[in-house]
Amino acid sequence: MGSWYWWMILGMAVVTYIPRAIPLTFLEGRELPEAVQNVLRNIPYAVLGALIFPAIFFIQENIWFGIIGAIAAFGIAFTGANVMIVVLGSIAVLAIFSVFI
Amino acid sequence: MDGREFSAGIKAGTSIAIGYFPIALTFGLLAKTTGLSLLEATAMSIFVYAGAAQYISLSLITAGVAPAVIVLNTFIVNIRHFLMTAALNEKMQPDDRWKKALYAFGITDESFSVLATQKGNKLSTAFAVGVIVIAYGSWIVFTAVGHLIGANLPQFLQASMSIALYAMFVGLLMPSMRGNRKVVSLALIAGLINSFFYFTGWLSTGWAIMASTLASAIFIEWVSRKGVKA
Numbered sequence: 001m002g003s004w005y006w007w008m009i010l011g012m013a014v015v016t017y018i019p020r021a022i023p024l025t026f027l028e029g030r031e032l033p034e035a036v037q038n039v040l041r042n043i044p045y046a047v048l049g050a051l052i053f054p055a056i057f058f059i060q061e062n063i064w065f066g067i068i069g070a071i072a073a074f075g076i077a078f079t080g081a082n083v084m085i086v087v088l089g090s091i092a093v094l095a096i097f098s099v100f101i
Numbered sequence: 102m103d104g105r106e107f108s109a110g111i112k113a114g115t116s117i118a119i120g121y122f123p124i125a126l127t128f129g130l131l132a133k134t135t136g137l138s139l140l141e142a143t144a145m146s147i148f149v150y151a152g153a154a155q156y157i158s159l160s161l162i163t164a165g166v167a168p169a170v171i172v173l174n175t176f177i178v179n180i181r182h183f184l185m186t187a188a189l190n191e192k193m194q195p196d197d198r199w200k201k202a203l204y205a206f207g208i209t210d211e212s213f214s215v216l217a218t219q220k221g222n223k224l225s226t227a228f229a230v231g232v233i234v235i236a237y238g239s240w241i242v243f244t245a246v247g248h249l250i251g252a253n254l255p256q257f258l259q260a261s262m263s264i265a266l267y268a269m270f271v272g273l274l275m276p277s278m279r280g281n282r283k284v285v286s287l288a289l290i291a292g293l294i295n296s297f298f299y300f301t302g303w304l305s306t307g308w309a310i311m312a313s314t315l316a317s318a319i320f321i322e323w324v325s326r327k328g329v330k331a
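Sequence order for the protein chains is X and P.
Just so you know, we're using our numbering here: the first sequence kicks off at 1 and counts up by one.
Just so you know, we're using our numbering here: the second sequence kicks off at 102 and counts up by one.
I should point out that these hints are in silico values taken from the structure, not numbers from a laboratory.
Treat the numbers as computed from the prediction; the structure is a model and nothing was measured.
Any given hint could turn out to be false.
Unchecked claim - Selected chain X positions facing chain P (Cβ under 7 Å, derived; list incomplete): (1) R20; (2) A77; (3) V87.
The beta-carbon is built from N, C-alpha and C at its ideal position, and this holds for glycine as well.
One chain only, chain X, in its complex shape (with noise of 0.2 Å):
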């Protein structure tokens, strides 16, 4: 690659950086009306809904790993295992699948 690489690298940095810094510097030490921190506070949830639906079911070609991973997340995280449990729970069901494939 040439020397473009470089700048194109710089602003790719630049781009991602600003949307990660400018809501944490410029919000600290401000009180934002409450509606809005009533919707603040619900991010993380309809976050995690949107990161999980429906990516999970297409990791592979094969959809039937999403479906087998996906159950075998919600049913080990289910049972109130902590989050290491619930990876290498699913990891490990996936891989037992994929022996008999």
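Go by the hints and put chain P onto chain X.
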């Protein structure tokens, strides 16, 4: 810096590090086949640190797309972080602006999810730094390793590890969902709207996640407000 908080952050961030492992490895490998040197590939992971945008940039480089367009595309893919860091700001302890500007660099979908779902009212800067350090470290190291070994994980491991980050999201969401209809509705509605965008192809992934998150968060706030009045 509070060492105990920092270690707790490292511990909480370990599932991100595991989830990043196969993705960073594959990124390093793909970067190599795209023609990037070890230095160029690793530099992108160090300075940009954004999984989806990095993957897309590789395919755009291969397609011969102009660098300025790749930068613009990166911005569009990552614009959703505006929403996440605004939400995260409510959760973090007040601190010097320069400190917040520093750890802001490490906010990804994954570190945001881990931080925002922690119990307790205010999170310390040290905890956030711990989560970020282990996730960022994993991303950089395994990008380089993927480029160096130039081969992927065995197919069965690659396939089964691709569930890791999604399993982490599920594991983070579930404890809050228990007995809390509001959390269940927030996640389900956002997931449904996002699926709608996915299948219709009306919005690209970055916009779709942002739009469905906002729509769900505002809708639920509106509904619960009406519930209080009624």
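Here is how each hint holds up against the structure:
1. Residue-level restraint check for R20/X holds (minimum Cβ-Cβ distance to chain P is 5 Å; threshold 7 Å).
2. For A77/X, the interface hint holds, since its Cβ comes within 7 Å of a Cβ in chain P; the closest pair sits about 4 Å apart.
3. The interface hint given for V87/X is met, as the beta carbon of that residue sits about 5 Å from the closest beta carbon of chain P, less than 7 Å.
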